[in-house]
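Q: Given next are the chains, with one letter for each unit.
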Amino acid sequence: MVITLAMARKMRDAAIKYAKEIGKLCSIAIVDDDGRLIALYRMDHAPIATADIAWSKAWTAAAFKLPSSEIYKFGNASMPGFGFNTANWNDRLTAIAGGLPIKDGDKVVGGIGVSGGTPEEDVIICQEAIKSTGIE
Amino acid sequence: MKEVTLEMAERMMDAGIRWARDVGKGFASVAVVDKGGAIIAAERMDGAAPLSTEVAIEKAWSVASFKTPGIMLARLMDPRNAGSILGDHGLGLIGRGKGRLAPIPGSIAITGDGGAMDVIGAIGCSGFPAGMGEVSDNTVCQAGIVALYD
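Residue numbers (our numbering), protein chains in the order written: chain A, 1 to 136; chain B, 1001 to 1150.
Some hints here could point you the wrong way.
Label pairs and their in silico Cβ distance ranges [stated by the list, open to error]:
| # | chain 1 | residue 1 | chain 2 | residue 2 | range |
| --- | --- | --- | --- | --- | --- |
| 1 | A | K20 | B | I1145 | 25 to 31 Å |
| 2 | B | K1098 | A | E21 | 33 to 39 Å |
| 3 | A | F84 | B | V1146 | 43 to 49 Å |
| 4 | B | M1132 | A | D104 | 40 to 46 Å |
| 5 | A | G83 | B | K1098 | 25 to 31 Å |
| 6 | A | A87 | B | P1129 | 36 to 42 Å |
| 7 | B | A1116 | A | E70 | 45 to 51 Å |
| 8 | B | M1132 | A | A77 | 54 to 60 Å |
| 9 | B | K1002 | A | E120 | 49 to 55 Å |
| 10 | B | G1099 | A | K131 | 36 to 42 Å |
| 11 | A | F84 | B | G1115 | 49 to 55 Å |
| 12 | B | A1116 | A | Y72 | 18 to 24 Å |
| 13 | A | D106 | B | A1082 | 46 to 52 Å |
| 14 | B | K1098 | A | Y72 | 25 to 31 Å |
With the Cβ distance kept under 8 Å, some of the chain A side facing chain B (calculated, not the full set) [stated by the list, open to error]:
| # | residue |
| --- | --- |
| 15 | L5 |
| 16 | I48 |
| 17 | A51 |
Negatives, chain A to chain B, calculated, CB over 12 Å [unchecked claim]:
| # | residue |
| --- | --- |
| 18 | V2 |
| 19 | A6 |
| 20 | R9 |
| 21 | A14 |
| 22 | K24 |
| 23 | I30 |
| 24 | D52 |
| 25 | A54 |
| 26 | K65 |
| 27 | G75 |
| 28 | M79 |
| 29 | A95 |
| 30 | K107 |
| 31 | E128 |
Derived by calculation from the structure, the hints in this document are not laboratory data. Idealized CB from N, CA, C, for every residue including glycine.
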């Protein structure tokens, strides 16, 4: 299973539909399992920074195979991997919630990031988008 | 046209990608930015090179930033043009824009109602040969621009 552009567009539609319902302007980024950008969309008049933040969240989720919000765990000195959260590989690592890995069963096939709402809203928009693809 | 909307960007990218697939028989990424160079949308066609999305974004950014098409930037910044009026003006641009400046053909400005210098955004494409041939990044961009006027 790989993420196709058609799947990315379906996720875009679901994400934008939900964002409009809750009255938020956001950006949606979808990356493949290598963290490379497949598609990025910024809703009209959404702040310009949201596009880059969404991209970073998607990259982080795909690269670590974890929700971007869980990167904070690497800031705990008692955890293995302490310090990961501050090493900014690729200038894209972020610990902000709103990036989720896209999974086909146990396998991470890509990542999605949303920016524009509160972190909680961004996560829900990601979940709505992933749900629209019918995988997982 | 006063500004580039996401809907317009989607129409342009879809037309560019369809051209790339059906006519150009190749793989491409297309990106659209607003007048300030901020990303509106970018898409990578299935099978296109992973870096092409980022290159398309940077090409579009460069065009919006300079209100100058990629082919012109390429000529301005070509070291072989040093010593000519064109080259003397352009060589100082090399390395500008924190490394984002991509003086590569295959990127065109989107103009508004105010004429050629009323740049409201730009489209960039990457994946095909970058020249000005019939099957090139530039043609993909043209297919995108044409879709705006359909």
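Q: Against the earlier hints, flag every one the structure doesn't satisfy and list their numbers going up.
A: 9, 12, 13, 18, 19, 20, 23, 24, 25
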